[in-house]
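Trainee: Chains as they are written, first to last, in my numbering: chain A, 591 to 969; chain B, 3 to 293; chain C, 205 to 565; chain D, 205 to 565; chain E, 3 to 310.
In short, the hints are calculated from the structure, not lab data.
We treat Cβ as the ideally placed atom computed from N, Cα and C, and that holds for glycine.
Any given hint could turn out to be false.
As the list claims (entries may be wrong) - Chain D regions said to be covered by chain C (calculated; three or more residues, Cβ under 8 Å):
{"no.": "1", "segment": "426-433"}
{"no.": "2", "segment": "479-485"}
To be verified - The following label-pair restraints were derived from C-beta to C-beta distances:
{"no.": "3", "chain 1": "B", "residue 1": "Pro181", "chain 2": "D", "residue 2": "Thr383", "range": "32 to 40 Å"}
{"no.": "4", "chain 1": "B", "residue 1": "Trp76", "chain 2": "A", "residue 2": "Thr615", "range": "22 to 30 Å"}
{"no.": "5", "chain 1": "D", "residue 1": "Ser426", "chain 2": "C", "residue 2": "Glu433", "range": "49 to 57 Å"}
{"no.": "6", "chain 1": "A", "residue 1": "Glu714", "chain 2": "E", "residue 2": "Pro58", "range": "41 to 49 Å"}
{"no.": "7", "chain 1": "D", "residue 1": "Asp522", "chain 2": "C", "residue 2": "Asp232", "range": "46 to 54 Å"}
{"no.": "8", "chain 1": "B", "residue 1": "Ile101", "chain 2": "D", "residue 2": "Gln342", "range": "53 to 61 Å"}
{"no.": "9", "chain 1": "A", "residue 1": "Ser874", "chain 2": "C", "residue 2": "Gln283", "range": "53 to 61 Å"}
{"no.": "10", "chain 1": "C", "residue 1": "Ser544", "chain 2": "D", "residue 2": "Glu458", "range": "41 to 49 Å"}
{"no.": "11", "chain 1": "C", "residue 1": "Gly481", "chain 2": "D", "residue 2": "Arg387", "range": "55 to 63 Å"}
{"no.": "12", "chain 1": "E", "residue 1": "Arg217", "chain 2": "D", "residue 2": "Gln342", "range": "35 to 43 Å"}
{"no.": "13", "chain 1": "B", "residue 1": "Pro181", "chain 2": "E", "residue 2": "Pro58", "range": "53 to 61 Å"}
{"no.": "14", "chain 1": "B", "residue 1": "Gly203", "chain 2": "E", "residue 2": "Arg217", "range": "28 to 36 Å"}
{"no.": "15", "chain 1": "C", "residue 1": "Gln283", "chain 2": "B", "residue 2": "Gly203", "range": "36 to 44 Å"}
{"no.": "16", "chain 1": "C", "residue 1": "Gln283", "chain 2": "D", "residue 2": "Gln342", "range": "25 to 33 Å"}
Claimed, not checked - Reference excerpt, derived from the structure (chain A facing chain B, CB under 7 Å, subset only):
{"no.": "17", "residue": "Pro607"}
{"no.": "18", "residue": "Lys856"}
{"no.": "19", "residue": "Gly857"}
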Amino acid sequence: SPNSGGGAKDVTPDKVPDNPKNPVTLNIIDVAGNLQLTQGMIDEFVKAHSKVIKKVTYTKATAPELPGKIKAQQSAGQVQIGLVLTGTDGLSAGIDQNLWVKTDDYSSRIGNPNYQAPAAKMQELAQGHGMELVYSPAGPLIEYNPQKVPNPPTTTQELLAWAKAHPKKFQYARPANSGPGRTFLMGLPYLLGDSNPKDPKTGWTKTWSYLQDLGKYVDYYPSKTSETMTNLANGSADMIATMTGWDINPRALGQVPPGVKVTYLKGMHWVTDAQYAVIPRGVSADVVSADIQLIKWMLTPQQQAKAYDTGYFYPGPAVNGVTVSMAPQKSQQVIQQFGRPEYDRWISQFPMETSLPAEQQTAAFDQWDRTVGGGKVHK
Amino acid sequence: MTTLTEARPPVTEEKAPRRVALRPGAWVVWGAVVFFLLILVGIVGAVVVNSFGKKWFGGWLPKGWTTHWYGATWKEFDLGSVLTVTLEVAIAVVVVSVIVGVPAAYALARRNFPGKRVLMVAFLLPILIPPITYGVPLATVLYKFHLAGKLSGVILANLVPAVPFVILVMTPFIEQIDPKIEAAARMCGAKTWVIFTRILGPLLIPGMLAAAILVLVRTVGMFELTFLTAGADSQTLVVALYYSVSAAGIRAQQEIDAMAVIYTLSMLVLLVVALRFVNPTQLVTQIKERD
Amino acid sequence: MSQTKISELRLDHVTREFGGVRALDGLDLTITGGEFVALLGPSGCGKSTALNCLAGLLPLTGGAISLDDRRIDGLPPEQRGFGMVFQNYALFPHMSVRGNIGFGLRMAKVPKADARRRVEDALNLVQLTDHADKFPGQLSGGQQQRVAIARAIVMEPPLVLMDEPLSNLDAKLRLEMRTEIKRIHQTLGLTTVYVTHDQEEALSLADRLVLLREGRVQQIGSPEHVYTEPANRFVAGFMGYRNELELPVKQVNEKTVVLDGLGDGGLTGVRRDDLGGRAVAAIRPEDFTVGTGPNATEVAVEVVEYQGREQAIQARTDDGVELHLRAGTRLAPGDRVTVSVPPERVLVFAAESPAAPEEVA
Amino acid sequence: MSQTKISELRLDHVTREFGGVRALDGLDLTITGGEFVALLGPSGCGKSTALNCLAGLLPLTGGAISLDDRRIDGLPPEQRGFGMVFQNYALFPHMSVRGNIGFGLRMAKVPKADARRRVEDALNLVQLTDHADKFPGQLSGGQQQRVAIARAIVMEPPLVLMDEPLSNLDAKLRLEMRTEIKRIHQTLGLTTVYVTHDQEEALSLADRLVLLREGRVQQIGSPEHVYTEPANRFVAGFMGYRNELELPVKQVNEKTVVLDGLGDGGLTGVRRDDLGGRAVAAIRPEDFTVGTGPNATEVAVEVVEYQGREQAIQARTDDGVELHLRAGTRLAPGDRVTVSVPPERVLVFAAESPAAPEEVA
Amino acid sequence: MASSAVVRPRIALRHRLAERGVDRTLLLLLPAVVFVVALFIYPFVYGLQLSFQPQPGSEAVSRYGSGPFADYRNFFGDAYLRDTIWTTLKIGLPAALFNVLASVPIAYRMRGRFRGKRTVTTILVVPITLGTVLTAEGLLAFMGPTGWLNRILLDIGIVDHPVRLTHNYWGVVFSLVITGFPFAFLLTLSYLTGIDPTLERAAATLGAGWWQRFRTITLPLLAPGLAITFCLSFVLAFSVFPSAIMVGEPARQTRVISIAAFHAAFEQYDYSMASAIAMIMGAVELIVIGLVLGWRARLYRGATGGKG
Ligand SMILES: Nc1ncnc2c1ncn2[C@@H]1O[C@H](COP(=O)(O)OP(=O)(O)OP(=O)(O)O)[C@@H](O)[C@H]1O
Ligand SMILES: Nc1ncnc2c1ncn2[C@@H]1O[C@H](COP(=O)(O)OP(=O)(O)OP(=O)(O)O)[C@@H](O)[C@H]1O
Ligand SMILES: [Mg+2]
Ligand SMILES: [Mg+2]
């Protein structure tokens with residue numbers, strides 16, 4: 591059946607040695623773009639612990655196809671992927687299908703990471719089957735071109751009014767394919783005061799009708815966030831949905847003019863995001879052992895500081911006590927130049943909400959596709 | 003010898019009026035071709051320009067030029083080895099699928115036998131059914147026999163749609179060839195294998211070339227099956243490309259474009275090499291057209 | 205592939221149907237090694253079909269073919285090792301003339317140098333040395349046909365099947381090629397089955413003629429036998445007895461018969477069948493002589509065709525019987541002449557005897 | 205398409221090259237309406253090329269073709285409205301026999317009923333009514349060829365080009381088809397250009413013969429003219445003067461010449477060229493008679509070929525000269541006989557006169 | 003004679019089989035059949051039976067119970083899903099038809115010999131190498147609201163607002179044409195050159211103009227190849243996925259059936275529903291292709307050149 595780990599045989603924790611008998615070759619697969627933040631940590635670990643890991647290979651892939659691949663390997667009793675770096679989507683798909691090793695069994699060896707409070711909440715999503723590596727409060731934020739929008743909206747109603755006054759100039763990408771898109775979607779119930787922001791099917795009446803109203807003035811929904819950025823840059827859109835990382839990093843990359851501004855809407859709740867390390871079931875005891883050591887290493891503050899990166903997943907570190915000043919020189923410089931001081935204020939100021947569990951997210955995307963993105967057909 | 007020539011006025015040196023002026027139909031066709039090519043240049047040009055651009059916030063051209071993006075993707079995905087793998091996979095799939103597919107197409111083209119329809123459907127299905135359905139169980143089978151996770155798995159998996167594809171493309175080609183020519187070869191003592199290599203082979207070259215190019219394109223572009231069966235060192239370009247396009251996270255548009263250009267260039271090299279070796283117009287007709 | 209000589213090739217009731225229609229209907233024929241057999245018959249009578257069956261290119265619908273008492277009808281063509289000249293040439297369009305001719309030798313893994321020599325010899329034989337590097341598409345019809353001949357002959361196969369191999373050649377070349385084919389046949393001791401529509405060719409080349417009609421054998425015999433003693437009216441008609449005069453029988457003797465209606469004394473001829481009330485007299489145009497003699501009759505010349513030293517004449521008796529004859533002297537339409545024909549040159553068949561069909565189904 | 209009759213078709217120095225080689229080299233020919241012109245020549249001499257140029261299927265490399273003083277060499281084939289029987293038939297493989305024959309009528313938008321009738325007539329003519337629904341791939345060689353003939357003829361085009369249209373038919377059928385072609389030519393008043401390698405066909409059908417060699421015209425004239433007075437040694441050889449005896453000149457008179465080396469008194473013949481030291485005597489095999497007479501010489505019979513009423517004999521004089529002759533009486537190899545030939549049947553050409561080439565480039 | 007009489011029945015059977023097309027030639031099918039059976043049939047059957055085992059807790063089960071057809075009933079019961087068939091056909095059929103039909107006249111022109119033919123052929127085939135990603139990116143950049151095309155149109159004054167050519171139906175069709183046309187063209191050209199030009203010449207002497215020659219000779223002989231070309235083009239277009247998302251409007255105008263399958267498989271992780279959708283997809287394609295191949299079976303298929 592598709593929902594079992596197939597022929598995967600778990601190694602029991604007592605079989606897992608503290609150190610691998612032989613140094614392992616670790617195949618790491620990244621389905622979240624996480625390596626951008628963590629590859630430095632891993633490489634450093636390998637350099638420092640060649641007895642544990644003699645070589646890492648990196649594979650990059652998209653999240654949706656990952657479970658299929660792991661399942662194929664597990665059913666065949668031939669698991670070759672040693673560690674998976676994933677976002678919440680891949681994480682929960684794997685939990686649903688029982689693909690991941692229960693990391694809780696190894697909590698004594700990993701120790702208790704000193705997660706920041708909102709990050710600790712995100713760790714709960716892993717249900718003991720993975721370790722959170724990086725964390726970001728994400729969004730929803732509104733990014734705009736100050737030359738075209740001198741007075742940015744401050745509330746959802748103002749946003750709607752602005753969009754009406756400037757048709758086709760507000761954009762957000764299709765939530766299923768876009769971080770800012772989905773953050774905007776998941777943040778709206780809080781902004782609008784919907785009955786149950788955790789239940790898109792029944793609790794989001796205001797959100798859905800708001801999005802439908804807004805949709806009247808939206809030209810189209812790009813299928814990639816970067817396209818909204820391009821449009822903002824070339825002037826075919828003046829205001830778009832964004833989140834912290836998508837604000838800082840593209841400007842650092844030169845995708846978006848440095849002068850664009852970011853604002854929030856009144857009643858803002860952060861919808862937090864995180865990325866995890868998970869171990870596929872069926873790997874050998876040696877690999878589990880190496881994984882555990884690696885994860886532990888990555889959760890130390892010194893390593894976590896690398897997660898500031900170039901603002902890609904701003905701020906990035908999931909544990910307490912990591913400051914920008916601990917980050918590599920380049921990170922510090924980028925954050926200095928493109929970061930926004932107000933973020934720290936906003937992060938401490940607004941409440942944090944975990945993003946929806948995968949199942950609800952899917953339901954929300956489906957609903958959005960049907961009623962907002964595809965709604966025009968049925969009207 | 004009086005009969006040899008008859009009295010006649012001297013031959014006029016004026017050239018006969020030749021059919022040089024194109025008919026309206028031709029103008030329309032060539033016009034459409036040119037239009038298509040212009041659009042094409044625009045599309046490819048936009049991507050290429052962007053991939054070399056520093057920043058492009060609207061306007062005709064980017065502000066500043068750089069090759070940084072190529073270096074970045076190359077490093078990030080270790081494209082050197084990815085390209086090698088891609089090439090190996092593509093060539094292996096093309097060669098095997100042609101070797102397996104052409105004889106089968108031959109049998110289908112030349113014989114009418116009971117059960118042919120069923121067989122045709124069986125050959126059609128791998129092309130019709132999306133890999134979503136059979137990809138995972140296929141990968142399971144391949145992992146079970148320790149074929150997946152390396153080059154062989156990627157090749158085998160990609161052969162599943164490739165072989166039927168070759169069969170389908172080649173059948174009409176083989177039907178076009180006069181069986182008498184084969185009969186003549188047999189009378190010269192040629193066995194089936196020789197008939198394939200010496201007689202049908204050369205005559206089918208345009209067809210095989212077309213099939214090979216199309217299989218190549220499909221293989222290089224086949225994401226699902228490759229991904230499901232690839233190991234860390236058997237990734238192909240398309241996996242990297244899809245990652246950069248649709249994986250979560252932020253990456254520079256120019257980097258995606260750079261990767262797309264690399265993808266296209268590598269395919270283009272294969273295509274041009276292929277077209278150098280054989281012309282997609284049949285040898286036979288070519289000779290006939292010489293008169 | 206056996207390059208050894210054949211001692212006997214036997215066709216037992218070989219039958220081939222196309223969608224229910226029998227193109228070849230129970231052909232029984234035994235060919236001994238070194239024989240030159242010609243298949244003759246009207247267009248569509250099954251000659252090519254017979255060759256194809258022999259070659260193994262068409263599966264039989266019935267019957268058996270054995271070579272030296274070994275059944276071979278199950279063998280694929282390439283294992284029979286016969287050579288064949290196809291009626292439509294079937295040259296390999298992608299190979300040069302040289303390549304076409306050398307193909308079989310390459311298949312037989314004949315050493316390079318040897319093969320080259322044999323190809324050059326064959327090219328020479330068919331007078332195509334100058335065209336050796338052309339492709340079939342660049343050759344004239346006759347040149348293509350010669351390539352087809354060379355391709356089959358260069359292999360020196362124990363049995364050669366030739367399907368109208370000279371049909372597209374001019375008279376002079378045909379004569380030369382005919383001589384060559386005969387010479388090769390004899391020097392190499394090949395066995396040859398040869399389809400032709402040219403009687404002269406058949407008569408001069410073959411040891412034995414096989415006459416087919418609608419897939420069925422009509423007569424098998426030596427050229428002379430078939431020529432002078434056609435088995436039936438059809439064979440007679442086909443072998444050049446162009447005048448087939450259906451006349452009432454006047455008097456039947458043991459060997460001869462007298463028919464009514466041509467000349468005053470009737471037409472005396474050789475009896476070939478049991479006769480009913482009406483009979484058919486078959487006479488070759490060239491057996492008539494202008495002038496009195498046996499079976500003399502007066503005719504009016506209607507059509508004169510120039511044919512060099514001779515003329516082909518179409519004439520009519522006063523009774524309205526049309527005659528074809530040949531005359532060395534100049535005649536013109538309208539002339540009245542007396543013609544005669546020796547009785548032994550007049551073959552008389554029963555009117556019901558199978559006729560050379562107007563239409564061959 | 206002009207269905208009107210042609211009054212004059214003129215070929216001015218028509219030339220066609222294939223990669224530098226002239227397949228047709230300055231053909232000058234004027235064909236008047238209703239004429240039946242036969243192109244003759246050895247294989248590869250450019251006959252098909254000439255027809256293709258006329259039909260507009262091959263662009264000319266040089267020269268001009270005019271129809272009734274209108275240049276037509278720029279016109280595409282479909283606008284010339286000529287009919288053509290292709291040497292390789294070129295039947296449409298996807299159409300039935302009926303479909304093939306009716307194709308041109310459909311193109312010309314002939315009313316359905318009329319077209320059907322004409323197709324049936326044509327089918328009848330070529331004796332294929334029973335095969336009308338078969339596809340070309342299901343026909344025998346001769347049947348295909350007849351479809352090709354019917355397809356061209358059914359259109360009744362003002363000019364028909366036929367490229368060896370009867371080459372794959374048996375003698376009897378060929379004779380019938382020949383008669384039909386002639387009849388159609390006459391009743392419809394068509395103009396016909398006909399390629400054949402069958403001399404008899406050419407002689408009996410054509411009003412005028414054109415002899416080609418390596419793309420160049422050798423002689424144009426009436427059948428009788430070409431037959432009896434070949435313009436040069438090549439034409440003679442091609443027209444059946446199979447004996448070409450190169451002998452020293454003994455004595456040259458105004459009209460005749462005496463050559464040394466055959467018989468005691470030498471060989472007397474008709475002088476056709478200015479002569480040097482050696483000359484070539486061209487003699488037809490059938491012009492020899494067995495027995496004494498003029499130019500008598502004694503020969504030893506070497507090869508005897510059965511050819512029905514006659515035999516083809518290869519014999520040798522005591523001087524070693526090889527002779528081809530025909531004999532009505534039975535001879536056997538080794539026999540010694542005296543043969544003779546009338547001087548007016550011996551044509552003497554200069555030895556340098558163009559010979560019938562062993563090899564046609 | 004005695005010995006041959008014994009073996010006669012066996013051989014006769016062989017002949018009878020040969021007459022029905024069963025002979026050793028069929029062995030050539032073996033590798034391909036083994037291949038398909040070994041690597042495809044099992045996975046396919048697995049997927050097929052999966053589609054009859056609706057996933058517990060899925061939407062299909064909640065609506066239609068856990069019967070074997072729940073997923074299918076769910077698909078056809080939900081207009082949003084059901085309509086994807088129509089949407090896909092609306093994109094796939096015209097695109098495939100256009101590609102095939104457009105490639106015919108161009109290939110027809112390319113048959114003759116002219117200078118630069120090889121170059122033109124190559125250039126026309128090149129877009130095949132672009133891949134969906136470059137095509138999509140290029141379309142977005144070139145035909146987007148601020149792309150070169152719209153700039154040119156605006157500068158010339160043909161339009162006064164940028165025309166929307168991407169993120170809608172047309173965007174996907176363009177991308178299918180750009181990648182699909184060379185594909186169809188390459189095949190058509192190759193099939194076309196297999197036809198003996200003599201046949202057209204023969205038709206010309208019978209008074210057929212170029213159009214008639216094309217219609218009555220070339221086209222019928224090309225048709226079997228065109229049928230295959232169309233089938234393959236159609237399959238490609240019907241399974242359009244990345245470009246439907248990247249340059250289309252994936253929630254609406256270009257919500258093609260593979261998006262629905264993808265959604266089921268990779269977002270809802272409901273593999274049985276995904277299998278069901280994929281099977282439906284295959285069935286729809288099979289119907290279209292079945293029609294085309296059925297028509298093809300009635301055409302003349304055979305040698306298209308040579309004597310006779
Ligand atoms: N594939 C086929 N399907 C149906 N009928 C066929 C097929 N092939 C041949 N025939 C028929 O079988 C008969 C014999 O054909 P075959 O080719 O043997 O004749 P042939 O004696 O060689 O005649 P020709 O002298 O004209 O070449 C013909 O009437 C022909 O129409
Ligand atoms: N496409 C071509 N390329 C090169 N040479 C050619 C081509 N077509 C014909 N030729 C040559 O031109 C010469 C004349 O050919 P053509 O077909 O006119 O001969 P033909 O007189 O019809 O001979 P046949 O009686 O054998 O049919 C031949 O030597 C032939 O090899
Ligand atoms: Mg035949
Ligand atoms: Mg010719």
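Trainee: Each hint should be assessed against the structure and marked as holding or not.
Mentor: For each hint, the structure was consulted:
1. For a cut-off of 8 Å, the count of residues in the segment 426-433 of chain D with a CB near a CB of chain C stands at 3, and the three-residue condition holds.
2. Proximity of the segment 479-485 of chain D to chain C, defined as three or more residues with a beta carbon under 8 Å from a beta carbon of that chain, is not established by the 0 residues found.
3. Roughly 36 Å separates the CB atoms of Pro181 (chain B) and Thr383 (chain D), a value that falls within the hinted 32 to 40 Å.
4. As the Cβ distance of Trp76 (chain B) to Thr615 (chain A) is approximately 23 Å, the hint placing it in 22 to 30 Å holds.
5. Remark: the range hint 49 to 57 Å for Ser426 (chain D) to Glu433 (chain C) is contradicted by a beta-carbon distance near 40 Å.
6. The hint said 41 to 49 Å for the Cβ distance between Glu714 (chain A) and Pro58 (chain E), and at roughly 25 Å that hint is violated.
7. At roughly 50 Å, the beta carbons of Asp522 (chain D) and Asp232 (chain C) sit within the given window of 46 to 54 Å.
8. A beta carbon spacing of about 34 Å between Ile101 (chain B) and Gln342 (chain D) contradicts the range 53 to 61 Å that was offered as a hint.
9. Between Ser874 (chain A) and Gln283 (chain C) the C-beta distance comes to about 57 Å, which sits within the given range of 53 to 61 Å.
10. The hint said 41 to 49 Å for the Cβ distance between Ser544 (chain C) and Glu458 (chain D), and at roughly 42 Å that hint holds.
11. As the Cβ distance of Gly481 (chain C) to Arg387 (chain D) is approximately 34 Å, the hint placing it in 55 to 63 Å is violated.
12. For Arg217 (chain E) and Gln342 (chain D), the Cβ-Cβ distance of about 24 Å falls outside the hinted range of 35 to 43 Å, so the restraint is violated.
13. A C-beta distance of roughly 57 Å is found between Pro181 (chain B) and Pro58 (chain E), which places it inside the suggested range of 53 to 61 Å.
14. In this structure the supplied range 28 to 36 Å holds for Gly203 (chain B) paired with Arg217 (chain E), their Cβ-Cβ distance being about 33 Å.
15. Distance hint for Gln283 (chain C) and Gly203 (chain B): a CB-CB separation of about 22 Å, inconsistent with the stated range 36 to 44 Å.
16. In this structure the supplied range 25 to 33 Å holds for Gln283 (chain C) paired with Gln342 (chain D), their Cβ-Cβ distance being about 27 Å.
17. For Pro607 (chain A), the interface hint is violated, since its Cβ never comes within 7 Å of a Cβ in chain B; the closest pair sits about 24 Å apart.
18. Here the hint on Lys856 (chain A) is broken, as its CB sits about 27 Å from the closest CB of chain B, past 7 Å.
19. Here the hint on Gly857 (chain A) is broken, as its CB sits about 27 Å from the closest CB of chain B, past 7 Å.
Of the numbered hints given earlier, the model fails hints 2, 5, 6, 8, 11, 12, 15, 17, 18, 19; all others are met.
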